[in-house]
Amino acid sequence: MLLGFVGESAVTLAGWIAHPARMRWRPVLYNIRSAGFDALPIVGLLSFLLGIVVAYQGADQLRQYGANIYVADLVGLSMLREFAPLITAIIVAGRSGSAYAAPIGTMSVTEEIDAMRTIGIAPMDLLVLPKVIGLVVVLPLLTVFADVLGVFGGMIMARAELGVSFGEFLDRFVTAVSISSYLVGLGKAPFFATIIAIVGCFQGFRTKGGADAVGRHTTRSVVQSIFLVIVADALFSVAFSALDL
Amino acid sequence: MEAHVAPADIVIKLVKVSTRFGSHIVHSDLDLEVRRGEIFALVGGSGSGKSTLLREMILLHRPDSGSIQVLGADLLTLGDDEALALRQRWGVMFQHGGLFGSLTVKENIGLPLREHTDLTDDFIDDLATWKLSMAGLPAEVGAQYPADLSGGMMKRASLARALALDPDLLFLDEPTAGLDPASADGVDELIRTLRDLFGLTIVMITHDLDLLWQVTDRVAVLADGHVQGVGSMNDLSRSDMPAIRQFFDGPRGRAAEQQKNALAITHNATRESSSKQK
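Residue numbers (the numbering used here), protein chains in the order written: chain A, 20 to 264; chain B, 2 to 279.
One chain only, chain B, in its complex shape:
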């Protein structure tokens, strides 16, 4: 179904992953691949196991069987030191931020650097401020505590911390959930910029159809413990599998698709007019 991809370009590879909670089967023999430099999204209804799958990719949960390879390392046979080294190569933005309430935003962002590098405190502060601006927040926010931040700022601060160690791989859990439309648009833009500027591979969980249409390269739909389909949003929208159709056929699904098409037309139009001027 999909074009063959060189193994070196596969950043995450899941083979026959099975997960159970008691008698409840979350994943059964699930296979998935994420390629270098793409923005990849996991979607699925509540309880479809996408959060569990993300937790398995970032070493927070062990599957019952199967193998997971991330950045060339096999997560199930990893020693403590290798796990520590691997964790420094990815950043995670949690749904609720996961910022430490007892530290200021700047200290939060600097924490991974303080833990894992020998940099001086001044330099770490400078880096933290820079990461903060990369995530689109003004420097003043650095002195505030997470409890004082709005939802959107919290997500951006969490993203800044995820970027602290210049990761190769970024995991985002619901990056736009609970944000007002303007902030959500800002996050869309930010995610795309990060990938384009730094060549990051980005894996996210989201329900946000606008984000899916406008930002992602490939999307995997999870249902009944399996990946029901993987492909670009355009490919998936032409699929006729019921679990996937469910996703596109609601009024929200159609509205987001139309908006994407409308945007693409204006985008092309501006590009044409600007090329004519040249």
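If we strip away everything but chain A, and leave its shape as in the complex, we get:
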């Protein structure tokens, strides 16, 4: 079922690429704002806090070995490769996944989707692809934002707990963290974005019955998209270790 939905989205996307004039830009831009710009504060705050936590947990161990400066390696690699993309995807799955499933579900229940089809507007065109495209654009950007604030949180904790100044931290950071680590983290974001948008829309379209079904499918969309994001992340880790990245 989900695979069929993915296939249908892909066919519609191919149609858009073949006929760019058919693209609906307004909903794409709207989604970039609502899923991206509006999520900046919460994504920023949570990744900042996560940076603090990572540095704090590492501080004790590093201090025992007198390896204070390696806090930059710890924070940099873990945030850029793993935590920033993951926490961003999980926050967006909670925020936007539900915001996709609930309105589409309501529209299914109130026959708006049927009405849309009979008017000759493909629901895929108007409701699904703009969300997928918007999120694929915006999630990597949010991840970069999370990278910056997460590392900043780690820097503050490193100075407070380990006496590593900002200058020392950044000097070490540049040598410790390769560009490929940064890209490995960032590259996961578009995949997470696709998972979140497709699962949210899919659950919305599957809604049948009444108001209770809308709630049930909204919950399911969030649970499934977080589940699939973490599974995908694990698969990426396995793949990267096999590829030695």
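Note that these hints are calculated values from the structure, not bench results. Note that the coordinates shown come from a computational prediction; the quantities given were computed from them, not determined experimentally. Backbone N, C-alpha and C fix where the C-beta goes; we use that ideal spot for every residue, glycine too. Warning: the hint list may mix true and false statements.
Claimed, not checked - For each label pair, taking beta carbons as the anchor points, the in silico distance ranges come out as:
no.: 1; chain 1: A; residue 1: D57; chain 2: B; residue 2: P139; range: 36 to 44 Å
no.: 2; chain 1: B; residue 1: S103; chain 2: A; residue 2: V72; range: 36 to 44 Å
no.: 3; chain 1: B; residue 1: S103; chain 2: A; residue 2: M42; range: 16 to 24 Å
no.: 4; chain 1: B; residue 1: T121; chain 2: A; residue 2: D231; range: 42 to 50 Å
no.: 5; chain 1: B; residue 1: L77; chain 2: A; residue 2: R41; range: 21 to 29 Å
no.: 6; chain 1: A; residue 1: F246; chain 2: B; residue 2: R90; range: 53 to 61 Å
no.: 7; chain 1: B; residue 1: I26; chain 2: A; residue 2: D231; range: 24 to 32 Å
no.: 8; chain 1: B; residue 1: I26; chain 2: A; residue 2: A261; range: 46 to 54 Å
Given chain A's structure and the hints, the job is docking chain B onto it.
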């Protein structure tokens, strides 16, 4: 059983349509014809598959086998572009309105025009207001959102949207369900006026016996996956098939029949008296 009708006058033709949901058989080898310019109703108990049949006629559901022709096009072999063109030739009024909650009533009515025509926004607004008045709603309603409308106004607004592209064919899903008697009478009147003025062919699903007696030309009774009988309400009321009798023999069925007869008598009486005056 029925008089032969020229093929050109058949707007919808279903041949041996079968539909299943899992192991549940909804229709088996069902045949049906709707003629140009008539008001046609599908009736049947809950679960008799009338909604599914309507959905199949408007390209929202595919039957498992059989053929469906609407306005001369075969729905099962239709390409995307032809389907789009065909959809613009019919209007659908959904049971719950199906109006888009994020748009005002006027924007809802104008949406098909904005999607499929190159008309200017001002002209589309004017047209929308006109369609609104055709459906019997004042122009002020146009600025409201669907959530602010009463049930009757919602149905009328939905009808106005169905009429936006001047369709040849109109599908109505339960046009009077959930309405108070006065609004329901208004809808009866409206449906008849639309057919008389614009020569629309109207297909509807309804449980409303008053609507059936007073408005429809022909009615098809659905049960057990088949059409049990097709004909005018008068013909059907004389049928002795159990599935059809069930429909007429309840107290509601008889009351509606009597009311229809009473109305016909007063109607004839006024016509006679007015012709005498001439």
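Item checked: Unsatisfied constraints (hint numbers, rising) -> Number 6 only.
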